[in-house]
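**Q** In the order they appear, the protein sequences are chains D and H. Counting in the numbering used here, the first sequence runs from 212 upward without gaps. Counting in the numbering used here, the second sequence runs from 26 upward without gaps.
Keep in mind the hints are simulated off the structure, nothing from the lab. The structure displayed is predicted, hence computed values, not measured ones. Just so you know, even glycine gets a beta-carbon here, dropped at the ideal spot from N, CA and C. Among the hints, a few may not be true.
Derived BS3-like pairs (lysine-lysine); straight-line CA-CA distance at most 27 Å [stated by the list, open to error]:
1. D/K399 to H/K110
2. D/K341 to D/K256
3. H/K50 to D/K399
4. H/K110 to D/K387
5. D/K341 to D/K406
6. D/K256 to D/K271
7. D/K387 to D/K399
8. H/K31 to D/K404
9. H/K110 to D/K404
10. D/K271 to D/K284
11. D/K399 to D/K256
12. D/K256 to D/K406
13. H/K31 to H/K50
14. D/K275 to H/K110
15. D/K399 to D/K341
16. D/K387 to D/K256
17. D/K404 to D/K256
18. D/K387 to D/K404
19. H/K110 to D/K271
20. D/K404 to D/K341
21. H/K110 to D/K406
22. D/K284 to D/K387
One side only, chain D facing chain H, incomplete, derived with CB under 7 Å [as the list claims (entries may be wrong)]:
23. L229
24. T233
25. Y248
26. L326
27. E332
28. Q398
29. K399
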Amino acid sequence: MNVEHPDRDEAQMIAAILAGDTRQYHELIRPYERSVYKMALSFMKNEPDAEDVAQEAFLKAFRKLADFRGQAKFSTWLISITLNEARSRLRRQSTVPMESLDQVTGEGGHISPALLRDWREVPSEALERKEIRAILVEAIGHLSPLYREVLLLRDVEEFSIEETATALTITPGTVKVRLHRARMMMQKELAPKLKNANPRRRWFQWS
Amino acid sequence: MVIECKHVWNYLSDYLDDSLSPETKELVQRHLEHCEICSAILDSTRNIVVLTADDRVFELPIGYSERLHARLAQEIESNEARTRKDSGD
Numbered sequence: 212m213n214v215e216h217p218d219r220d221e222a223q224m225i226a227a228i229l230a231g232d233t234r235q236y237h238e239l240i241r242p243y244e245r246s247v248y249k250m251a252l253s254f255m256k257n258e259p260d261a262e263d264v265a266q267e268a269f270l271k272a273f274r275k276l277a278d279f280r281g282q283a284k285f286s287t288w289l290i291s292i293t294l295n296e297a298r299s300r301l302r303r304q305s306t307v308p309m310e311s312l313d314q315v316t317g318e319g320g321h322i323s324p325a326l327l328r329d330w331r332e333v334p335s336e337a338l339e340r341k342e343i344r345a346i347l348v349e350a351i352g353h354l355s356p357l358y359r360e361v362l363l364l365r366d367v368e369e370f371s372i373e374e375t376a377t378a379l380t381i382t383p384g385t386v387k388v389r390l391h392r393a394r395m396m397m398q399k400e401l402a403p404k405l406k407n408a409n410p411r412r413r414w415f416q417w418s
Numbered sequence: 026m027v028i029e030c031k032h033v034w035n036y037l038s039d040y041l042d043d044s045l046s047p048e049t050k051e052l053v054q055r056h057l058e059h060c061e062i063c064s065a066i067l068d069s070t071r072n073i074v075v076l077t078a079d080d081r082v083f084e085l086p087i088g089y090s091e092r093l094h095a096r097l098a099q100e101i102e103s104n105e106a107r108t109r110k111d112s113g114d
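With the sequences and hints as input, model every part of the structure.
**A** In C-alpha cells:
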C-alpha cells in the first residue's frame with residue numbers, strides 16, 4: 212500500500228458499490244491484492260492457506276462494506292480484516308492459544324542486536340536471488356505475531372506510525388516500542404546471514 | 026553528556042524514523058560519529074528495513090489474482106440475485 216492513487220476516489224467507489232454497482236468492487240480492491248496476500252502469507256506461512264485467507268478477507272470486506280464508515284482509510288480497514296481473518300484461522304488450526312505464542316518473547320526485556328564492526332550494504336538487486344528473498348520472509352515469520360504485524364504494516368506496507376496504530380487498535384507509543392523490538396530482532400537474525408550472503412565477487416564477476 | 030552503546034541501541038528505530046527529540050538525536054549522532062559498532066548496527070538495520078519494503082520479497086502465486094476475482098464475481102452475482110429476490114423482481 213505504498214502506492215498512492217491520486218486519481219482514485221475510493222469514497223465515491225464505495226458509495227457506488229453500496230448503491231448497487233457492486234461490480235466496481237473488483238476495481239476498488241485491485242491495488243491491495245498484493246498487500247493482503249503478503250499479510251496473509253506472513254501469518255499462514257504457506258501459499259494455499261495464505262491465498263484462502265486473502266480471498267476470505269476480500270469477501271468479508273465486500274459483505275461488511277456498509278460498516279465501513281470512512282473514519283480510517285479503506286486500506287487500513289481492509290488490512291484489519293485480513294489480520295483478524297489470519298488470526299482466527301491460526302487459532303482454529305492451533306492447539307496452542309495465540310496468547311501464549313505472543314508471550315514467548317514477551318514485551319519486556321532488552322534485545323541486543325548482532326554486533327558488527329562494519330556493514331557492507333546489501334543492494335536491492337540481491338533480491339533477485341531466491342535465497343535472499345527466502346531468508347527475509349523466514350525472518351519475518353520468526354517474529355511473534357505482536358511484532359510481526361507491526362513490522363508488516365510499518366516496514367513492509369510502509370504505513371505511518373498513526374495508520375499502523377489505527378489498523379491494530381493500539382497506541383502510537385506501543386507501535387514504536389514493538390517496531391523497535393521487531394527491527395532489532397530482524398537485525399539480529401538477518402545481519403549475520405546477509406553478511407555471509409554478500410560475497411562481492413559473485414555479483415561483480417561478470418561486470 | 027555521553028551515552029553508552031546499549032542506550033543508543035534503544036533509539037535506533039526512532040532514529041531511522043526521525044522521530045527523536047532534537048536533543049536525543051544530537052546525542053545519538055555524536056555517539057555514532059565515533060562508534061563503529063553502533064554505526065554498523067544502524068547501517069545494517071536501515072539496510073534490512075529497505076530490503077523488507079521491497080515488493081520482490083513476497084512473490085504472488087501464479088493465477089492468484091484471477092482466482093480471487095473469479096471468487097469475488099461469484100459472490101457479487103449471488104449478492105445481486107439476492108437483492109433482486111428481496112426487491113421482488
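**Q** The structure should be examined with respect to each hint, and the outcome stated for every one.
**A** Results for each hint:
With a C-alpha separation of about 59 Å, the suggested pair D/K399 and H/K110 falls outside the 27 Å cut-off, and the hint is violated. Of the pairs offered as hints, the one joining D/K341 and D/K256 holds, with about 16 Å between alpha carbons and a cut-off of 27 Å not exceeded. A distance of roughly 23 Å separates the Cα atoms of H/K50 and D/K399; the hinted pair therefore holds under the 27 Å criterion. Using a Cα cut-off of 27 Å, the hinted pair H/K110 and D/K387 is violated, with the two alpha carbons roughly 50 Å apart.
For the hint linking D/K341 to D/K406, the alpha-carbon distance of about 16 Å falls within 27 Å, and the restraint holds. Between D/K256 and D/K271, the direct Cα distance comes to roughly 21 Å. Compliance with the 27 Å bound is thereby established for this hinted pair. The hinted pair formed by D/K387 and D/K399 meets the criterion: a straight-line CA distance of about 18 Å does not exceed 27 Å. With a C-alpha separation of about 23 Å, the suggested pairing of H/K31 with D/K404 holds against the 27 Å cut-off.
The hinted pair formed by H/K110 and D/K404 fails the criterion: a straight-line CA distance of about 60 Å is larger than 27 Å. With a C-alpha separation of about 17 Å, the suggested pairing of D/K271 with D/K284 holds against the 27 Å cut-off. Of the pairs offered as hints, the one joining D/K399 and D/K256 holds, with about 21 Å between alpha carbons and a cut-off of 27 Å not exceeded. Between D/K256 and D/K406, the direct Cα distance comes to roughly 25 Å. Compliance with the 27 Å bound is thereby established for this hinted pair.
For a cut-off of 27 Å, the pair hint linking H/K31 to H/K50 stands: about 15 Å separates their Cα positions. Of the pairs offered as hints, the one joining D/K275 and H/K110 holds, with about 20 Å between alpha carbons and a cut-off of 27 Å not exceeded. With a C-alpha separation of about 21 Å, the suggested pair D/K399 and D/K341 falls inside the 27 Å cut-off, and the hint holds. As the CA atoms of D/K387 and D/K256 are separated by approximately 25 Å, the hinted pair is consistent with the 27 Å bound.
Restraint check: the Cα-Cα separation between D/K404 and D/K256 comes to about 20 Å, which is no more than 27 Å; the hinted pair holds. Our distance criterion of 27 Å between C-alpha atoms is met by D/K387 and D/K404, whose separation comes to about 26 Å. Between H/K110 and D/K271, the direct Cα distance comes to roughly 22 Å. Compliance with the 27 Å bound is thereby established for this hinted pair. Between D/K404 and D/K341 the alpha-carbon distance is near 14 Å, which keeps this suggested pair within the 27 Å criterion.
For the proposed pair H/K110 and D/K406, the alpha carbon gap of about 63 Å is over 27 Å, so the pair is violated. Restraint check for D/K284 and D/K387: the C-alpha separation of about 21 Å stays at or below 27 Å, so the hint holds. Among the interface hints, the one on D/L229 is violated; its C-beta lies about 12 Å from the nearest C-beta in chain H, farther than the 7 Å criterion. Taking 7 Å as the C-beta contact cut-off toward chain H, the hint placing D/T233 at the interface holds, the least distance being around 5 Å.
This hint holds: D/Y248 has a C-beta 6 Å from the nearest C-beta of chain H, less than the 7 Å allowed. Checking D/L326 against chain H: minimum C-beta separation of about 6 Å stays under 7 Å; hint holds. The beta carbon of D/E332 is positioned within 7 Å of a beta carbon in chain H (closest approach about 6 Å), and the interface hint is therefore held. A distance limit of 7 Å between C-beta atoms decides the matter here; for D/Q398 the minimum to chain H is near 5 Å, and the interface restraint holds.
Because the beta carbon of D/K399 sits about 10 Å from the nearest beta carbon in chain H, more than 7 Å, this interface hint is broken.
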